[in-house]
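A.B. asks: Sequence:
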Amino acid sequence: MDASYVQSKYPETSPPQYEYVPPSGHVQYIQQPPNNQLVYVVPMIQSYQNPEILQIRDWLPWSIVNIFIGWIFAGILPLIFSLICRSYKQSNNISGARTMSTLALVFNILVTLSSIAGYIGLIVAIVLASQATRHVTNCSYTLGYLNC
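Numbering (this note's numbering), first residue to last: 1 to 148.
None of these hints come from the bench; they were simulated from the model. All C-beta atoms, glycine included, are put in the ideal place defined by N, C-alpha and C. A few of these clues could be false.
[To be verified] Cβ-Cβ distance ranges computed for the label pairs, FRET-style: (1) F73 x I123: 14 to 24 Å; (2) I69 x Y145: 42 to 52 Å; (3) L128 x E52: 51 to 61 Å; (4) G121 x I76: 16 to 26 Å; (5) S91 x T133: 53 to 63 Å; (6) I64 x N93: 14 to 24 Å; (7) N50 x L122: 39 to 49 Å.
Assemble the whole structure, with the sequences as input and the hints as a guide.
C.D. replies: Below you can see the structure in the form of C-alpha cells.
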C-alpha cells in the first residue's frame with residue numbers, strides 16, 4: 001500500500017471506525033462508520049479449554065525431582081512424558097493428555113522405587129565394604145600365618 005491510498009482511505013479529520021467480524025461471518029458494527037468508511041479488525045482468538053482437561057495432572061514437579069534422585073538417565077523418561085502431557089493439555093487433546101499423564105505417573109513410580117532401592121543397596125554395600133576393610137586391617141600377617 002502506498003501513502004496516498006492510506007491518506008484517502010483514512011482522512012486526518014476523522015479517526016477510522018472499527019467493526020467486529022465474528023468467526024461466523026456476520027458483521028457487527030461497534031460504531032456506525034460515516035461515509036461508508038470500513039475498517040476491519042481481526043478479532044482476538046480466545047482459546048477454550050475443556051474443564052475436563054484441567055483435572056488431568058502432568059506430574060511435572062515429581063518428574064523434575066526424579067531427575068535428581070534417579071541418576072539423571074532414569075529420570076529423563078518421566079520428564080519427557082510430563083512435557084508431552086502438558087503440550088497435549090494446551091492443545092485440548094484429552095485422550096493424549098490422559099495417556100501421557102498415566103505414563104508419566106507409572107514411570108515416576110518406577111524411577112522413585114528403583115532409586116530408593118538403589119540408594120539402600122549403595123548404603124548396604126558401603127557398610128559391608130567398611131566392615132570387610134576393618135576386619136582385614138585388624139589382622140596381622142607374621143611368619144606366614146594370619147593372626148586375627
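A.B. asks: Checking each numbered hint in turn, tell me which of them this model violates, lowest number first.
C.D. replies: No hint contradicted; all consistent.
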